[in-house]
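Protein chains in written order, with the working numbering: chain A, 12 to 271; chain B, 65 to 481.
Keep in mind that the hints were calculated from the coordinates and are not lab data. Glycine included, C-beta positions come from ideal geometry on N, C-alpha and C. Please note that the accuracy of each hint is not assured.
[Claimed, not checked] Label-pair restraints from in silico Cβ distances:
no.: 1; chain 1: A; residue 1: P234; chain 2: B; residue 2: G358; range: 35 to 43 Å
no.: 2; chain 1: A; residue 1: A61; chain 2: B; residue 2: C296; range: 32 to 40 Å
no.: 3; chain 1: A; residue 1: G50; chain 2: B; residue 2: R475; range: 40 to 48 Å
no.: 4; chain 1: A; residue 1: E249; chain 2: B; residue 2: A164; range: 42 to 50 Å
no.: 5; chain 1: B; residue 1: R244; chain 2: A; residue 2: V152; range: 53 to 61 Å
no.: 6; chain 1: A; residue 1: E241; chain 2: B; residue 2: G142; range: 56 to 64 Å
no.: 7; chain 1: B; residue 1: G281; chain 2: A; residue 2: D19; range: 40 to 48 Å
[As the list claims (entries may be wrong)] Here are some chain B residues pointing at chain A (derived, C-beta under 10 Å):
no.: 8; residue: L201
no.: 9; residue: R208
no.: 10; residue: A209
no.: 11; residue: P262
no.: 12; residue: P267
no.: 13; residue: R427
no.: 14; residue: A428
no.: 15; residue: G432
no.: 16; residue: R434
no.: 17; residue: H439
no.: 18; residue: D447
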Amino acid sequence: MSAPTAADLAIAVLLPDVLGTYSDAGNAVVLAERARRRGVSTQLLTVTLADAPPHGADVYVLGGGEDAALPAAARWLLRHRMRDALAEARAVLAVCAGFQLLGSTITDLAGRVVQGLEVLDADTAPGRERAVGEVVASATVATIGELTGFENHRGHTTLGPAVQPLAVPTRGTGNGTQQHGRPSEGALSGAIVATYLHGPVLARNPSLADHLLALATGLDQPPLDLPDQEPLRRAYLETSPHARGRRWRPIGRNRSRRRG
Amino acid sequence: MVAEQRFWVARHAGKLTSTLSRRLGRGEGAVIGGRVALALDPGALRRLARERRIALVSGTNGKTTTSHLLAAVLRTLGPVAHNATGANMPDGALAALADAPDAQLAVLEVDELHVATVAGAVDPRVVVLGNLSRDQLDRGNEVRAVAAALAQALRHHPDTWVVANADDPMVVWAARAAARTVWVSAGSGWSGDTAGCPRCGEPLRLTLGRAWGCRCGLVRPRPQWSVRREDCALTDDEGLSVPLSLHLPGAFNLGNAALALVAGAVLGADPLVAAAGLANVSNVGDRYRKVRRGRHELRLLMAKNPAGWAETLPLLEPDASLLLVINAREADGRDTSWLWDVPFEQLTSRPGVATDVVAAGERAHDLGLRLDYGHVRHTTVTDPVDALACLPPGKVEVVANYTAFRTLARRLATEHT
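My request is simple: use the sequences and hints to build the entire structure.
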């Protein structure tokens with residue numbers, strides 16, 4: 012890890028060594044590449060448990076991790092006072108365990124409570140069963156549109172009354188709780204975007220990537236030509252059983268008889 | 065008496081179903097046959113295992129290859145029952161034993177989530193553990209949970225020898241639970257899932273050579289056997305050196321061969337004698353198989369997860385074109401996020417022309433988008449056989465994940481150009 016340089020946009024990936032289980036570091040690759048194609052120079056900083064974090068990065072990206080890794084990640088974030096860095100950042104994307112860690116408390120299956128960073132008014136506790144499968148959700152910000160992603164978590168997250176959800180899930184579980192009478196997915200709070208969606212979420216949803224880049228740079232984000240993007244989006248939106256009016260059945264229930 | 069009759073009926077009904085399935089062209093028949101037998105007699109696996117010396121091969125990557133190598137090693141001692149087709153659940157194990165009633169020795173590849181069940185039924189002499197990394201996360205199996213379940217299973221078998229890779233921290237964490245362990249330094253090409261200590265989550269320290277350790281006290285055990293890559297040999301701590309002459313590519317296959325020889329030695333096979341037979345293993349359930357098709361010479365490679373792809377990408381011949389095939393069926397894991405942890409950027413340094421990479425498979429666009437962001441120029445064609453038409457004549461390296469590989473290998477064997 013090195014300090015941020017004179018690049019237009021410094022993007023820090025926090026703790027991919029423990030919050031990298033679900034390949035969310037790809038979100039930083041997507042942000043950097045989309046910025047680069049629009050002429051904005053970027054620097055990617057990878058910050059592991061063994062490093063001290065940079066406090067001046069423009070964008071921070073956190074991902075999902077194994078349940079067992081959460082306390083170590085929380086200790087690191089608190090020890091390095093990352094609350095201030097994240098509160099001052101131009102844009103933050105936090106996925107799954109990363110989302111939970113930005114909240115106030117995370118309760119595990121045994122009832123132990125891990126303190127989060129309290130950047131978001133949100134509390135997480137275990138749901139009855141693990142939510143595993145495809146999610147489709149309508150963003151609460153019209154320009155972001157429909158989101159798709161893959162969720163894989165046990166935690167259910169309750170947002171404080173003033174926190175806006177990122178989206179309303181029409182398929183899948185999302186936060187597993189209701190906000191103002193509707194199911195909720197993720198959270199939006201100033202520069203912070205939090206979600207349960209993997210994929211990585213920014214690869215699947217370029218509008219969300221550009222929402223973050225607009226926050227980070229203050230610039231309009233003209234469309235980019237990535238030939239695989241549209242067929243991919245169409246596939247995930249069209250194969251949604253919800254779109255065909257069928258009830259979604261979580262994938263994790265079955266066991267295939269033969270594994271590779 | 066009733067139990068014996070039920071067993072007889074179960075075994076024969078299972079075999080009949082297998083034969084029927086094969087004749088109908090529905091597959092190898094091992095799974096369905098085994099399933100029928102197990103349904104009729106849940107104790108069938110235990111009965112079939114009686115009086116045999118059995119080795120289980122498990123781990124994330126290389127199970128099938130290691131089990132083929134171990135079967136070759138044990139054949140120096142006599143006939144061997146083996147679930148060679150990779151049917152690695154309890155029903156596949158049962159079918160393999162039922163197919164070879166006279167074999168005193170058996171090699172059973174076992175899915176890492178089913179070791180407890182199979183070991184409980186067959187009481188193995190040896191369990192081989194090569195590596196543990198992320199795979200099929202959508203089944204709710206984070207790698208630490210898999211390792212913990214393996215450790216729990218091994219604790220129930222105090223007489224079983226565990227032949228384990230000392231270079232993989234997750235394997236060591238699981239195998240330390242066993243009463244009898246032979247540590248092999250088999251190498252480890254992937255550390256993406258063990259940057260944090262398996263036991264306490266703090267950063268692991270890598271020290272000289274292949275050594276590693278953590279402040280909490282989890283350290284690499286001293287291996288009795290080691291792979292020496294410089295001259296492709298397996299050495300023991302008393303100075304014995306066994307040449308590893310393989311027809312399979314890659315450093316990871318040297319590690320697989322080493323584990324097979326050591327497991328064989330535990331069962332009484334002289335490694336110096338058995339090593340000669342390893343060179344006869346040249347394709348493993350179509351993996352590494354070469355196929356001529358029209359103007360193309362294909363080599364089939366399977367890679368299922370970030371660790372497997374990281375091992376496979378360096379093997380690709382620089383002057384061959386690439387057909388990369390990705391599915392996301394249940395046996396592959398439904399979530400394609402893992403593609404983003406594969407270092408596809410390595411492909412940009414290949415000398416090939418712009419048209420020489422094709423992304424294919426049911427999830428061709430997931431792969432294509434990943435390649436786009438990795439600056440790998442490619443074309444995207446969903447059907448892998450159609451995709452071949454996009455490639456220039458000559459060598460094609462085909463890398464596919466589990467169901468993509470099996471479907472394509474079957475199509476290549478049956479469809480004509």
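In rising order, the numbers of the hints this structure does not comply with: 18
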